[in-house]
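**Q** So you can see what is in the structure, the chains are spelled out below.
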Amino acid sequence: MNILSEVLNIVFSRNVIAAIFIPGLVTALLFIILIIWVERKIAARVQMRIGPLYVTKRFGGILQLIADMLRFLVSEPVIPSTTDRLIYTLIPILLLLLALLPIAVVPASWSLVVIKTELSLLAFVALTAISPMVIMIAGWASNNKFSYIGGLREGFMLLSYEIYLFVSLLAMTILYGEIDFLEIVSSQKVYWGVILNPLAAVSFFIAMLASTSRFPFEIPDAESEIVMGPFTEYNSIMYGLVMGANYLRLYSLSLAFSDIFLGGWLLPFNVPLPNFIITMFKTFIVMTIAVFMRAVYPRYRVDQALVIGWEKLFPLAIISVLLSVILRCLGVAL
Amino acid sequence: MNKFNELIEKLKLEGLTIEKEDKALRIRVSTAEELVNVLNKLKMQGFDHIKSITATDLPDRNVLEVSYILGSYSHDKMYETLMIITISLSRDNPVLPSISEIFPSSVYHERECYEMFGIKFEGHRDQRHLLLSPEDFTGIYPLRKEFKIEEEGIRG
Amino acid sequence: MSSEERAITIFYGPQHPASGHMRIILEVDGDIVVKADPDIGYVHRGIEKLAEYKTYLQVIPLVERQCLPDAAHHNLAYILALEEILGIEPPERAQYLRTLIAEISRIASHLYGMGLHGIAIGSSTAYMWCFGLREYMLLLAEKLTGARITYSYIIPGGVRRDLPQGFSSEVERYLKSFERKMRDLDKLFISNPVTKARLEGVGVLSKNDAIRLGVVGPILRASGISYDVRKARPYAAYQWVDFEVATRKEGDSYARLLVRVKEIQESIRIIRQVLRDLPSGNIFHEKYVKMLPPKIKSYIEDTGRVKFPGVFATLKIPKGEGIGIVEAGRGELIYHLISDGGSKPYRLKISTPSFRNLILFSHLIKGVKVADVPAIYLSLDYFPPEADR
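Residue numbers (our numbering), protein chains in the order written: chain G, 1 to 334; chain F, 335 to 490; chain H, 491 to 879.
If you are wondering where the hints come from, they were derived from the structure by calculation, not from laboratory data.
If you're wondering where the values come from, they're calculated on a predicted model, not measured in any experiment.
Be a bit skeptical, because a hint or two may be false.
Simulated crosslink set (DSS-like; lysine-lysine; CA at most 27 Å straight-line) [as the list claims (entries may be wrong)]:
#1 F:K482 / H:K721
#2 F:K482 / H:K834
#3 H:K525 / F:K357
#4 H:K671 / G:K41
#5 H:K525 / H:K686
#6 F:K346 / F:K375
#7 H:K752 / H:K686
#8 H:K787 / H:K633
Covered, in the sense of this in silico footprint (three residues per stretch, anywhere, with C-beta under 8 Å from a C-beta of chain G), are these stretches of chain H [stated by the list, open to error]:
#9 605–615
#10 684–695
#11 749–761
Residues of chain G placed beyond 12 Å of chain H at every Cβ, according to the derived structure [what the hints assert, rightly or not]:
#12 F215
#13 N235
#14 A295
By construction, the Cβ of each residue, glycine as well, lies at the ideal position given by its N, Cα and C atoms.
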């Protein structure tokens, strides 16, 4: 009896619910379905088109992605004989795993966090830095010249955005004096992070765009130049997993953005909604702004992205650190 | 027309005889050296690019007639002038000197003439097939009159 | 390893999202292109040979199919060459209508090129908007001629149909909303800082090189030479309308884009002038109208649609040679027609603008980065079916 009640305690504890439901697997899946629909619909309306319409016509084609996923599941995966088989087939699974890992340390409300640790922000940054290297391995394992060039470009992009992503988070850490997500959210009871240090917010948002290949930094998968970049030879369910991993990465970075800069689940006025709904709503808004860029900007060249990263955004991040130091000395925050 | 008279006078001084048609000027040459000579003189007068190289197959006279159409971009007043140089070659072994050193704009026109009619251009740096595949069309020159297109009937 | 040993060969081939129906063989060292060699002929259909097997009127739809975005100019150039041999001039109203359809076709062709250029540098919005704007032009052409893309509108002796009722006011309505959307396109795509960063200074063609290599069209005008066949050797109604030749000095890809935008604006000016100054009269030459029976003559006057006289079925042309030169959307187009007195052309030689610009591939795409290859290649507005014929 003791063992059974212990097991039930664990299964229904907040950590496991967080892992499975919010902000874990079920919410992530739901958000991927919704955000791809939103991206296609918004881009279509800007471009004088309609976008997905026929699946569930009354709701404007909102279940289009479920139809696409079913198609991915039943179509035949073709593995070219010239690739390195083991690595080629492992990469999509590995990418999906690495995209889901950073969600483990980000909370969605006071108690909904999978792993509660005091160094959660540090763990988050460390875990998001591994995926680009796996993408480079994918570019090499496909044994295709276009994939090779795409993998090299992913490496260049990693050098471009990683530093100012880190420095802008450093600025926020200095401002709050905390490195745990829960403490950071509780420090924003008076003012949100984006009002205190907007420079760091802008810098982190642009780093987020560059990190997940959103326009104007959609360089590794530049379709008109190198077909599909590192994922040229992927098809059917493997391609579905890789694209899902890309959007999951966007989801985890947006969740971190709304926890650090937008006050997480805190609002200046009282709303009778559970905390996690507020956090998820803010995350969705951030993701929508990130995917909207597709309809507005062309894409940069890789050397231009590197120049912008080091000449314009890195000094911006350094200035945001100085701003944080000044604010802290003046005793503004908290 | 008056606007061409000035040019014709200038070219007569160089020793070229010009036939004036309604919209263009024509010079007929008979040998390859004369062709290169005339083209060099025209280049000094301001004609700087080739617009087209037309080859026609005349099997009843046993000649291939090649027309070079030249134009000028450098001088405003010569924008409207069209100069045509015509030369006749024998059909059995048509050889012409390549003018890609004098006029670089003729490179692709000469390649196409070679593969369609079989005219060899001596001194051309890159005489390969351009539009047709070398496996099927070496030795066969499609735009000559003996190459017939097979027509398929419409069924039913 | 030296540069030649390190270079890998990439086939920027027909199976590529941004290449069209042609292949560029690139030798790439790291991120720099060392050599580029175009390999064309994938859509060669033998139009010049086929023209020798069809009667003079059957050649009209044949030559239109070469360049679909810009079919009216091929039609016009062929008919100008044919009329030079026949020795006839169409009536004035027909000249103005030929100008109208030519300008509609030019706008559609430029929008096609700009749309593909937009998507090559990543802006799918520019692609959708340009093709949406092109739809306005296709609808106008359908009202005028009955077909959206391959009109077969110009015939020896005039044009095939007269203006329908209420056409001028409808054109004015379309043009107003067209101009509004062009201003939006300008704000979103042409003045976009990312577009400027991608296209400025990329693929520069100097004035001397443009003259030496004999290029045509907006590429020539973007390098500083204001040569336009409509001004140099006017045909149709161009000597009676007033327009400017768009020229720029920089010679890079951004200048070519701006030249095309300016040409669209000038074409709209020409269309408005044509509709304002259209003279009244016949649309078909007197010599052929006389050959028709009176019932058909009154049909032409009532409905404004031309029926061919019987002699057109096997039209015999006197022996001679004719040259028709027009300024198509992509550049100067030359038709050289040689006739031997029969009912089929003896030799038809077509010198298309895309074929004459082919020499720029190996010249411009050398020493640039791989990411610049689509930006340069699509700024040249190369259309493979037109070059291959």
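**Q** Starting from the hint list further up, note which numbers the structure goes against and sort them upward.
**A** Numbers 1, 3, 11, 12, 14 - these are the hints that the structure violates, sorted from lowest upward.
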